[in-house]
Amino acid sequence: MNPVDKVSEITLMNTEMFIVLSPILLLSFGIVLSLLLIAWQRSQKIIALFSQLILVFTLLLSMHLLSSGILSGAGVQITPLLKVDQFSYLSLSLICLSALAVISLSKQVLKSQVEVHDEYYLLILLVILGAAILVASDHFASMFLGFELLSISLVGLVGYFREQKYAVETGFKYLILSACASSFMLLGIAFIYSQTGNLSFAINSATAPWHSAPLQLFNSIGVLLLFSGIAFKLSLAPFHFWAPDVYQGAPTPITLLMATVSKIAMFTVLMKCCFAQGYYQNDHFIDVIIAVALLSMFIGNTLALKQQNIKRLMAYSSIAHFGYLLIVLVISAEQSIGFAWRSALFYLTAYLLANVAIFSIVITYEQYFSQNSTEREVCLNDWQAMFWQHRAQAVLLVFSILSLAGIPLTMGFVGKFYLFNQAVISQSWWLITGLVIGSGIGLAYYLPIIFTVFKVNSSAATHITKDNAIKAPKIFIIFLIIISFYFGVFPDSLSQYLL
Amino acid sequence: MMLTLIVFGLLLSGCLAWFADNKVLLGIKLQAKWLSLLAVLVLSCCFLLLVYCSEKNFQQLQLFARVPWIRSFNIDYALALDQLSITLIILTFFLAVICILVSWQEIQKKTGFYYFNLLATFAGILGVFCAVDMFLFFFFWEVMLLPMTAIIAVWGHEKRYFAAVKFFIFTQVSSLLMLVAIIAMAYIHQQQTGDLSFYYQDWLMLDIKLDVAQYLMLGFFIAFAVKLPSVPVHSWLPDAHTQAPTAGSVLLAGVLLKTGAYGLIRFVIFLFPQASENFAPIAVTLAVISIIYGAKMAFAQNDFKRLVAYSSISHMGFVMLAIFSFNEIAYQGAIVTMVAHGLSSAALFALAGIIYQRVHSRNLTDMGGFWQSAPRMGGFGLAFAAAAFGLPGLANFVGEFLSLVGAFQVFPIMVIFAALGLIGSAIYAMVLFQNTFQGVPSKLVEDLSLREICICSSLLVSLIILGLYPNILLRYSFGALL
Amino acid sequence: MTVIPLTHILILSSLLFIIGFVGVVVRRNTLFMLMSLEVMLNAVGIAFIGAGSVWQEADGQIMFMLILTLAAAEVAVGLALLIRMQRRYRTLDIDVLNQMKG
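Chains as they are written, first to last, in the numbering used here: chain X, 1 to 499; chain F, 500 to 981; chain W, 982 to 1083.
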């Protein structure tokens, strides 16, 4: 391929591309506007409202594009850098949803602070923009840009409350490790590029023009390095060491942001990259995936067993969940790519809802603690007898935990059912074994949470009585309960959008 | 439609009982126990009417409802009944009444939520017995697990959390294996006919290669063997039984274990006839080990409930032995044993609950000589112990006798060993009776109240009727199996 | 002019990368950790430029510019955290950041 061909290949943007790209453009434009807004008037309320508005519009726009049918089929290529298909916008919608939840939860947290936190919302929007670029990217350069936008903004958010005990420690850990991960990923990209001569996802490295034994080796190392960079972000074992600490030390809304937005975006781009590059045909790569998946299921679930701190527990549980989710990468034929996307998106939706629910409950408890000026973290025991005091909230919690554990009546079960289907189709019996055993171990820490919630006579000194009620907004709770129940029993109503 | 109403009626009345508990309506203070008793009675009448009035021939599965549920996987909501399921559903309703009566005074805290869980469990069990779409079956299979775990974990005894977690994990892990087998079956159906199907009747037509079938059968078998339970996956049962409140134990022993046997008959044997015939020697060996091991362990227990729990393992061993001997007489024996064990173990657990209320202990060493202060209780105790060891004239005898006779034609040596279990059961039943009712009177206990007499006598009467005239069951369950 | 084989470039960049990585792992001073991160990123840059020149394309150099931007941004955030750390703990030793356990 000579440079002249390359130039003619690049078409300029046409109207259709602008329309398809509009959610991301809107998001970027919104960020600029909010910068101007800050220059004009500094007010926490206005900036929060404005960011929510931007997200709502982005969400509506991407939903509209999804239903309009423009995206059906192979998707729309927008310059070599971006390629948008329905799956990208489905994950973008998920990302916007969870960002909305994060912002509304942040409002509660920031209320107690005196300063005006414009930049906080701005950073969240930048994270979302990074995620949006990631899910739309079809090129290593755009993937890299999205990745870094997301990571660096997250570093800012993780250490945001600088007076808090763990702020510096968490921020530094996250910065160093995430920078290491991105340089690993970059080196991987460089190696792949050195063999294929092209940074686009669509170039299949197996059929690349130029083969020689040492370069072949570099290419394999490159793929591994790339995968490990992404695996770091997904906190898959053995790159999971940062997750519990950073989860614990970050402000809780930001933990939620990390657990949902960053992971959903990273997983989407991982799938895009793997399917476009045809890594699923490479047996060695599949073996690596299987090993990482099994290791993550095992490590995540076992280490979660003895956790008392809810945020740490959620970190380990998410390690296990992304281990399960790796199953969708192991596909046997190109025809099952569509099904793999559907499984992954359904599973991610279930995971997202459960995480939003659990973290919002954690935040209400943290709020309560900080009102009573006892700076401490939420532990399992704080949830004792919640069922008999705040019924709706407890029902939501139980539902979410059951959903994470994958018990019927919840979305998590349907998600797991998808994964089982996927694994049976690709006949990866090791993964099935891992999934079964992992779910078994998982129950051993999910069930005690539920029992704690149901505990009748609590003797703990930290017992919180009904008078000083701690509640998340009731409508929000009931809405989440209904949604997760409805989609759990009638998954068709959700999965018809995934077709 | 009617069947759906009955299943969901149970669930709804459970919700009603939960929310209406201790509310005052029209000057009457509503109580969850009355509401749920009423609901169970009304719904069981509905069910009997439904079966009695329908013109259908229940020798075969008769479809009652089939509507698409999850289209993307071609999953239907499908319910059907045949003689086997009707028998077990009637047993379920009967024991539901017993369970509610047993917990009448035992459960004092959070009554509303308790009865919700109880009724939800029954709804799940009913669903299991009539679902013919395998996804739906799995769904109910898991749904009945949740409230059952809640019953153990909230109202159980001292080590309830451990028991509940163990119970849940055992069942969940094994049922995930079944889920894998179910999904694999659906894809085999897709390979053979082009459509994904989870419908039981469709699966009966499948022609599965023997080597694949063996693995799939194993998936189902493990799930049901855990529920049954059979050695070596039985260890959840003694803990769960011991720690559960009385009604929970009655429910577990009376009905929940039967879902395992039901699954073995309906799914393992019918879907994979050839594979299960090949597997039969192993299954029968496991069954015989369960019989002897259960009897031996029962003899060694000091805890009243734990003893009865181990005896359940022994009795269910007979069911598995009979199921896997592929013999008409043995099948009938299996059915009778299932019902008889449901009644007799329920009776013994009820008795354990009654005694626990009086002496606040399950330990046999704390008991003794109750006959003197409570002769009626003693009489019932003797009768139930006799039922447990298979005294002729009571239902268990018929069931075990038929199972052994049937199985003897196929596995003579195994049956000889299994018959040893009968001797064992006589020993542990007598030990139980002696330790409780005979010997030096340790405490004075109150005799049975009217409610407790009702519970015991209804169980005893049904045991005697089935023992003297087993034809009600034999005639009824004949065609379902062969 | 002799052409340098691509493998040599890649090996050089791998070596530099490993040196940087070892620096991040071994160094206790956070400032030096940040500097080692720079070394890692620049090693990647060499690989990109080398590959780009072999393929006769601008892509590699563009990637290098993006990497430079990233490095600047990362150092900016890193130095900000460094100042916080110096103010709070009066040291730049990474070992003081070990309060979270579990």
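Hints are computed from structural coordinates only; laboratory data are not their basis. You may find that some hints are simply not true.
To be verified - Straight-line distance between alpha carbons at most 25 Å, and here's what the computed PhoX-like set of lysine-lysine pairs gives:
| # | chain 1 | residue 1 | chain 2 | residue 2 |
| --- | --- | --- | --- | --- |
| 1 | F | Lys522 | F | Lys608 |
| 2 | F | Lys522 | X | Lys474 |
| 3 | X | Lys455 | X | Lys111 |
| 4 | F | Lys532 | X | Lys455 |
| 5 | X | Lys455 | F | Lys609 |
| 6 | F | Lys665 | X | Lys455 |
| 7 | F | Lys532 | X | Lys474 |
| 8 | X | Lys455 | F | Lys658 |
| 9 | F | Lys528 | F | Lys658 |
Treat the numbers as computed from the prediction; the structure is a model and nothing was measured.
Tested hints:
| no. | hint | in the structure |
| --- | --- | --- |
| 1 | F/Lys522 - F/Lys608 | 15 Å, holds |
| 2 | F/Lys522 - X/Lys474 | 23 Å, holds |
| 3 | X/Lys455 - X/Lys111 | 32 Å, violated |
| 4 | F/Lys532 - X/Lys455 | 22 Å, holds |
| 5 | X/Lys455 - F/Lys609 | 11 Å, holds |
| 6 | F/Lys665 - X/Lys455 | 18 Å, holds |
| 7 | F/Lys532 - X/Lys474 | 30 Å, violated |
| 8 | X/Lys455 - F/Lys658 | 13 Å, holds |
| 9 | F/Lys528 - F/Lys658 | 34 Å, violated |
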